[in-house]
Amino acid sequence: MATKIEVKRKPAQKTQEKNEETKTVYIMGKAHKVPAEATIMGAIEYAGYQIKRGAGCREGFCGACATVYRLPGDYKIYTGLACATLVEEGMWLAQLPAIPPQKAVYDINKLEPNVETIQVLYPEVFRCVACNTCTKACPQDLEVMDYIQAAKRGDIEMLMDLSFDCVSCGLCAIRCPAEITQMNVGLLGRRLYGKYLSKETKQLKNRINEIKEHKFDKEFKRLMEMKKDQLKKEYYARDSE
Amino acid sequence: MYPEYMTPSLEKVAQTRNKRYEMAKSGKPVFPPMTADQREEVLNRFHPDYETDSKKKVRIGPNKGEILTTEISDLLEAHSRIKPDLFDLSNPDYETDVLIIGGGGAGCAAAIEAMNNGVKSIISTKLRLGDANSMMSQGGMQAAVSETDSPPRHYLDIVGGGHFDNKPELVRALTEAGPGIVKWLEELGVVWDKMEDGSMYLLHGGGTSRKRMHSARDYTGAIILRTLMDEVKNNPEKVIILEFMPIIELIMDEKGRCAGGVIYNMETEEYFTVKAKATIITTGGYGRLHIRGFDTTNHYGATADGLVMAYRAGAKLLYMDSVQYHPTGAAFPEQIAGYLITEKIRGAGGQPLNIDGELFVFPREPRDVEASALMRECLEHKKGIITPSGRCGVWLDSPLIEIIQGEGYVNKQFPAMHHQFIRYGIDITKEPMLVYPSLHYQNGGIEINEKTETNLPGLYVAGEASGGVHGRNRLMGNSVLDYNVFGRRAGKEAAHYAKSAKLGKLTLQHIQDYENQLKAARIKTDSISPILLPSYTPEDVLKRQLTACYEGTLR
Ligand SMILES: Cc1cc2nc3c(=O)[nH]c(=O)nc-3n(C[C@H](O)[C@H](O)[C@H](O)COP(=O)(O)OP(=O)(O)OC[C@H]3O[C@@H](n4cnc5c(N)ncnc54)[C@H](O)[C@@H]3O)c2cc1C
Ligand code: FES
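Protein chains in written order, with our numbering: chain C, 1 to 241; chain E, 1 to 555.
Possibly wrong hints are sitting among the right ones.
Okay, derived cross-link-like pairs now, DSSO-like style, lysine-lysine, Cα gap no bigger than 30 angstroms in a straight line [said to hold, decoys possible]:
no., chain 1, residue 1, chain 2, residue 2
1, E, K383, E, K19
2, C, K215, E, K211
3, E, K275, E, K451
4, E, K492, C, K103
5, C, K199, E, K211
6, E, K412, E, K183
7, E, K412, C, K221
8, C, K195, E, K492
9, E, K233, C, K195
10, C, K228, E, K56
11, E, K233, E, K492
12, E, K211, C, K232
In short, the hints are calculated from the structure, not lab data.
Please put together the full structure from these sequences, using the hints given.
Structure, rendered in structure tokens:
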């Protein structure tokens with residue numbers, strides 16, 4: 001018995017409403033009036049651009065939408081993620097369609113979690129002048145310079161911990177006077193930590209052995225052969241932790 | 001910041017919090033879980049899949065006559081982007097052993113196994129490598145690792161959640177491989193959340209009877225996928241990555257075997273051909289179709305391309321009548337409407353509450369049931385909270401988590417979520433979030449067997465694009481596991497197949513045949529698919545683009 005349901009639909013294609021509050025932004029120099037509460041990404045699309053480069057997850061995870069902007073009367077260049085930054089009046093903005101990558105190629109199985117690895121793969125890390133520009137550029141508010149300093153000391157755990165939320169947008173790298181690719185150093189650090197430094201999980205080893213020894217075969221077979229009704233009964237009767 | 005008119009309701013949430021904390025502490029369910037009948041009733045009445053016009057018969061192709069989700073039927077009953085006779089297939093632009101279509105989790109896992117099995121591959125992907133749903137999973141990955149748990153128990157939870165429609169051999173493959181995947185990923189360098197003694201930090205998810213959700217804070221997907229991508233990029237001589245170069249049709253050989261695809265360079269707008277001994281579709285889901293007008297949690301390129309090209313070539317789809325709405329998408333602020341609020345929030349003790357600050361559903365029902373219950377609270381009981389833009393939502397009490405799990409927990413375990421909201425002046429450790437279901441996951445897909453084979457020789461499918469693993473409703477944490485298990489399998493199986501495959505003459509005849517079927521069925525349509533990207537161009541702008549020519553949604 002279906003009831004008619006009113007669901008809030010997505011305003012997929014929005015036309016500008018007469019009384020809507022707007023702000024003026026300059027997309028690569030061209031003025032556009034956009035909804036006052038828009039994100040930069042929303043504003044670009046509202047202005048009529050079909051984004052190809054410059055949007056990925058649209059939720060602040062992938063780093064595809066690195067954007068630089070200036071504000072009126074302010075000499076600074078600001079950085080942000082287009083999907084997560086709100087427009088401001090007079091904002092002059094441009095997206096960075098791609099950031100030149102500098103990624104070391106390595107076999108993770110042949111590395112050691114120490115400072116020598118960093119020295120070999122990312123020697124430019126040691127040119128860090130501790131200017132903190134990377135930290136200021138980070139749209140995730142990470143302590144980027146601190147994790148680069150940790151890398152310099154071979155403190156892989158701190159490198160992992162402080163770089164954990166990195167979305168690899170590359171805004172740090174593009175601002176860095178020492179030309180470090182911080183996001184890739186962080187990634188290396190996390191992989192080194194996960195592989196070599198994280199504590200061993202005993203249960204995991206045991207469980208994998210049990211599976212290898214076919215401990216669950218019988219139970220699988222029983223469940224797989226069960227009729228739907230029976231399976232249903234068993235499902236609803238199962239206990240929960 | 002929440003608008004002032006919501007303050008009375010927020011105060012009620014705070015008032016009932018202590019009582020609800022006591023309940024949570026007691027260890028008993030904080031709200032009675034639904035019986036089978038109750039589940040059925042709420043689904044019937046409130047799940048969007050059960051609305052009368054939500055489904056439509058597809059009139060052509062391998063599933064002809066079957067009732068599918070309306071938007072899918074429409075997408076399948078559309079023209080190809082290309083005219084087959086414009087292509088010279090005797091001289092392909094690229095040649096490889098394995099063509100992998102889609103650079104998300106399943107695609108990268110497949111590429112790694114393909115190279116481990118000694119073959120070369122090309123990853124064609126629509127955006128950048130890793131711009132994918134896999135990058136966004138926050139909550140975690142299920143695997144039966146703890147002592148109180150077992151893979152068959154994981155199996156039972158999955159088939160119950162999937163309404164017993166799952167393909168048993170796929171569920172067994174999934175659950176049995178789970179612990180091995182945890183290990184494999186750790187050996188590649190994934191940083192799992194662990195306890196002091198090295199045991200895994202595990203939580204519940206919706207529909208789980210044991211704690212088996214493995215996580216990497218709330219960046220689980222990003223940590224896993226960046227690790228897989230890094231591994232792929234460390235082997236440039238074995239895997240070629242083509243970005244902003246989606247495949248838009250498959251190429252077959254004269255014997256009906258899949259033999260590669262037609263690539264579209266989205267920037268230069270050129271088309272190229274790829275000849276491959278084996279092809280793997282890992283194109284993910286379809287959230288950007290905005291089914292039934294819903295907001296979505298999905299990435300920009302989730303437009304069901306793989307389904308369309310496989311269907312035109314003759315692959316069978318399974319369960320394409322079932323859509324997953326995630327119970328908790330953001331309903332406020334407007335800028336992040338539809339964004340995912342991970343289920344782990346409820347796994348950690350967060351509770352959905354109505355305008356009076358009262359519980360109205362057990363917080364961890366399977367997704368479709370939970371989502372329907374939220375809609376019922378808003379639409380029938382009228383106990384939702386209306387936002388300034390007219391959306392309806394219910395509270396998700398995150399401050400309670402800090403009380404249950406201890407101060408600082410939210411910041412440590414949900415940094416992404418915390419960050420997301422603090423930008424808009426909402427501190428989720430102090431105030432709840434406002435949520436409403438959001439279009440999340442494609443439950444069905446291209447039918448596969450446990451070797452990820454389809455009914456077309458040489459065509460493999462893995463990840464969200466495939467159908468059968470999750471029946472008609474996926475549980476949280478099983479799809480990260482899915483793309484790892486079946487992505488790897490596809491890479492291995494395709495590599496083995498490619499080693500002995502000898503292709504015949506290449507052809508795009510199936511495109512012409514499909515076009516003829518459209519005609520024969522008297523289907524009149526201007527639609528073109530795959531659409532590649534959604535269009536968010538406002539209507540008044542479209543009207544002024546007098547000379548623009550749109551193919552699908554792209555000009
Ligand atoms: C916000 C969010 C949170 C989630 N959280 C969880 C969770 O906690 N636990 C869990 O288990 N699951 C979760 N999921 C689901 C899970 O992440 C996905 O189902 C899974 O990652 C899908 O992996 P995939 O490799 O199949 O697809 P994807 O990762 O989406 O990859 C598909 C790729 O193919 C590309 N592509 C598309 N069309 C084409 C084409 N025509 N040609 C070439 N390339 C193409 C896409 O751009 C993309 O790169 C979540 C999903 C979302 C959206
Ligand atoms: S689009 Fe992914 S971070 Fe902005």
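Below or equal to 30 angstroms on CA atoms is what counts here, so check C:K228 against E:K56. The hint holds at about 27 angstroms.
Does the structure keep E:K412 and E:K183 at a Cα separation of 30 angstroms or less? Holds, at about 24 angstroms.
30 angstroms limit on alpha-carbon distance, applied to hinted pair C:K215 and E:K211: At roughly 21 angstroms apart (the allowed maximum being 30 angstroms), E:K211 and C:K215 satisfy the hint.
Given the hinted pair E:K275 and E:K451, is their Cα-Cα distance within 30 angstroms? Roughly 22 angstroms separates the two Cα atoms, so the pair holds.
30 angstroms Cα cutoff - pair E:K211, C:K232: holds (21 angstroms)
Agreement of E:K233 and C:K195 with the hint, judged by alpha carbon distance not exceeding 30 angstroms: holds (18 angstroms)
E:K383 and E:K19: Cα distance at most 30 angstroms? holds (20 angstroms)
Next pair to validate is C:K195 with E:K492; report whether the Cα-Cα distance is within 30 angstroms. holds (23 angstroms)
Would you mind confirming whether the straight-line C-alpha gap from E:K492 to C:K103 stays at or under 30 angstroms? Satisfied, since the Cα-Cα distance of roughly 27 angstroms is no more than 30 angstroms.
Measure nothing beyond the straight line between the CA atoms of E:K412 and C:K221; if it is 30 angstroms or shorter, mark the hint as holding. violated (41 angstroms)
Are the Cα positions of C:K199 and E:K211 separated by 30 angstroms at most? Roughly 20 angstroms between the alpha carbons, so the hint for C:K199 and E:K211 holds.
Hinted pair, alpha-carbon criterion (30 angstroms max): E:K233, E:K492. Please report holds or violated. holds (19 angstroms)
The structure is inconsistent with hint 7 alone, although it conforms to all the rest.
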